[in-house]
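Note that the protein sequences, when read in sequence, are chains A and B. According to the numbering used here, the first sequence holds residues 1 to 381 in order. According to the numbering used here, the second sequence holds residues 1 to 381 in order.
There may be inaccurate statements among the hints.
Same chains, same names: a pair is fine if it fits in one copy or spans any two.
Cross-link-like lysine to any residue pairs, in silico, SDA-like; alpha carbons within 20 Å at most [what the hints assert, rightly or not]:
#, residue 1, residue 2
1, Lys55, Pro356
2, Lys55, Leu354
3, Lys55, Pro332
4, Lys55, Met331
5, Lys55, Ser23
6, Lys5, Arg204
7, Lys5, Ser205
8, Lys377, Gly161
9, Lys3, Glu241
Rather than coming from a laboratory, the hints here were simulated on the basis of the structure.
Protein chains: 2
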Amino acid sequence: MTKGKPIISILEEGMREGMQIESADIPVEAKIRLLDALSATGLKRIHVGALVSPKWTPQMAKVDEVIEGFTPVDGVEYTVVVLNQKGAERRAGFGDKLTLPDPTLGRSRIHLCDVFVRRNINITQQAEIDALQNAVATAQEKGVTHAEISINAAWGSNWLGEFSEDERMRLLQMQHDAWTAVGIPVTRIHIGDPMSWNTPSAMRSMMRRVLATWPDVRDFHLHLHDARGSAMLSAYVAMQELDERHTLQVDTAIGGMGGCPYCGNGRATRMIPTEDFVHLLQSEGIESGVDLRKLIEAGALAEEVVGHELWSKVTAAGPRPTGADVYAMDMPFVETFEEAQHFRRGPSVYEGALSPWREPVQSPGRDEYEARLAAEKESTS
Amino acid sequence: MTKGKPIISILEEGMREGMQIESADIPVEAKIRLLDALSATGLKRIHVGALVSPKWTPQMAKVDEVIEGFTPVDGVEYTVVVLNQKGAERRAGFGDKLTLPDPTLGRSRIHLCDVFVRRNINITQQAEIDALQNAVATAQEKGVTHAEISINAAWGSNWLGEFSEDERMRLLQMQHDAWTAVGIPVTRIHIGDPMSWNTPSAMRSMMRRVLATWPDVRDFHLHLHDARGSAMLSAYVAMQELDERHTLQVDTAIGGMGGCPYCGNGRATRMIPTEDFVHLLQSEGIESGVDLRKLIEAGALAEEVVGHELWSKVTAAGPRPTGADVYAMDMPFVETFEEAQHFRRGPSVYEGALSPWREPVQSPGRDEYEARLAAEKESTS
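All chains, full assembly: derive it from the sequences and hints.
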């Protein structure tokens, strides 16, 4: 039996996760330009920032101006991070532009790392556990009809090392029990990895166990960081374990930027580059609804906005060229990153480069390729 | 039945594949320093350069001086690329330092892309096919006892688009037939991907078909480029398909550098960063024999030698810290790449950074962690 593919949904994190670790001096106007470019790509969910205190996150000091200034596109959900009641009130004021949380969905979350949660949001793991019953009761009073359970720092921590699958399961089970005890079905599971401890083998094992334990849960959400280069691999492995009954939301960021100052890896924390992930989905035959060309333009703009090299491979080299986009046979030597941008900027970028061929390169293989292209074009016109 | 894991062997390509796309002005002394650092990591196979004409590869103009100057380490195989008889003669002159090719192994190779092979080494695909019978006959006369068959530009080309699995299999079968017709068993298969067309799904399907078609072949070799960010993913998928009867050689490069000027992507072509691959193997429980700390030092040196940022994630952020290497709980904000290097350069790199905690962070989780560490230390001392 061939398994079908899960539905993959992308949450673009560049404006939030990325910008929070980039310079606080990036002008609002540049941020709006990037956000509008991202909106035009076909991405359906975009995190636009965090409504937090500017004291420790000066990068978000003018997030209100960004929200006021950008132009929303129909069909795109724009969301923000809020950490407390004050943030929720600020968010409510932007109800015309932002998608507010689904009031029928309850949420609970526990961190596996007591050190990280203290460093990051100044509470303890025990306080999260102690608050669980109350939070569920309050949600029930508000009439939620289903719930998401979440573990954060799930795979391990830069302060406490690796966590076991049993510990992940224990803290998920604790939440699952709390919701089901009051008759609210758990429909979603979120796993966060702020410190990049994901590994493909731990992901495979965990997904299998979760699917076996709670077969009714169909919606998954992964927030994986990439400080050790395995985030796309782990997301891929998760995709492989799921099937057509499931949805998987993967958080990615334009150019792969991301990180929080609390995790100990700073800008080196990174995320899966959205461009590379969309390109991967294409190669796996999974529809993302995203226009890769526009996404790459947004990736190039992101580098301009942050003022340094970012880490998408596809934006640096271009996608695998197909159809009429295959390269010119007599393209000269291409060596630098600038020259490699010919795929979007045209031949001017390599003008004057060395070219070792005495005669123009010809090939019957290319003749056949072009004849096939022409025939395809004719048959569809 | 649980499948065993294949034996993974790494060919370090930084000095060859990497240096050929970096500046021709890098001093010989710096290259020797990097090569000696790589030798000290536990890597068992290192490509040290290419004995080719300096006219079109000026980066290799002084490769003889590099070979003369480096200090070989016992048990490490040092190899070079040669493209013709002249190169083979130059190589023979370094027989004291370089590992010469196994004379009992025959080799054949066909490119799937006629345009690339013309651009790159100035011959045609048809010429490669026409030369096959003769090459096998000559090898037979020389007494080879087994053979490697190889396809290059296997997954696709920037000039001719994607190639089909049937075409890959046809050109492998053609070579397999030529060797077996004269009674020489094929024991190895090499697949090259100079233009980064590998995808995980094509890799999975291909490996399954190859294993089903030639179950006697136990040794595989993958040379994957990473211009589209899927090389480590594809190598991982190949590992998953193999078992304890197999060996898989994966070519990687320190810092992920690599590319040839002929492929159209230049420096953006890249390879799998050796550091990230070794870290991945560790997380999968596969022994590589490589000291990751020393490898990361070599990765940092590589950035110094080439004079710009390279692309290993693990060298940028450090490995997942374990044992006594977990981070200090009161580490201040870490934001820049420089600050993130605390894991190997110590706390001086983040001196003076913001720190938002009024009191030192304490956690019973950390107390337990340290008690466990101390107990382990005691029990092993």
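Cross-check of the supplied hints:
1. For the homomeric pair Lys55 and Pro356, the shortest alpha-carbon distance between copies (9 Å) is at most 20 Å, but the shortest distance inside one copy (58 Å) is not.
2. Only between protomers do Lys55 and Leu354 lie at most 20 Å apart by alpha-carbon distance; the minimum there is 11 Å, versus 52 Å within a single protomer.
3. In this homomeric assembly, Lys55 and Pro332 come within 20 Å of each other (Cα to Cα) only across copies, at 15 Å, whereas the closest approach inside a single copy is 52 Å.
4. Within a single copy, Lys55 and Met331 get their C-alpha atoms only as close as 52 Å, which misses the 20 Å cut-off; across copies the closest is 18 Å, which meets it.
5. For the identical chains of this complex, Lys55 and Ser23 are intra-copy neighbours only, at 14 Å inside a copy versus 44 Å across copies, given an alpha-carbon limit of 20 Å.
6. Taking the shortest Cα distances, Lys5 and Arg204 sit within 20 Å of each other both inside one copy (16 Å) and across copies (16 Å).
7. Taking the shortest alpha-carbon separations for Lys5 and Ser205, both the intra-copy value of 19 Å and the inter-copy value of 16 Å come in at or below 20 Å.
8. Within a single copy, Lys377 and Gly161 get their C-alpha atoms only as close as 57 Å, which misses the 20 Å cut-off; across copies the closest is 16 Å, which meets it.
9. Proximity of Lys3 and Glu241 under a CA criterion of 20 Å is satisfied in both settings, with 9 Å inside one chain copy and 18 Å between copies.
The structure is consistent with each of the numbered hints, conforming to all of them.
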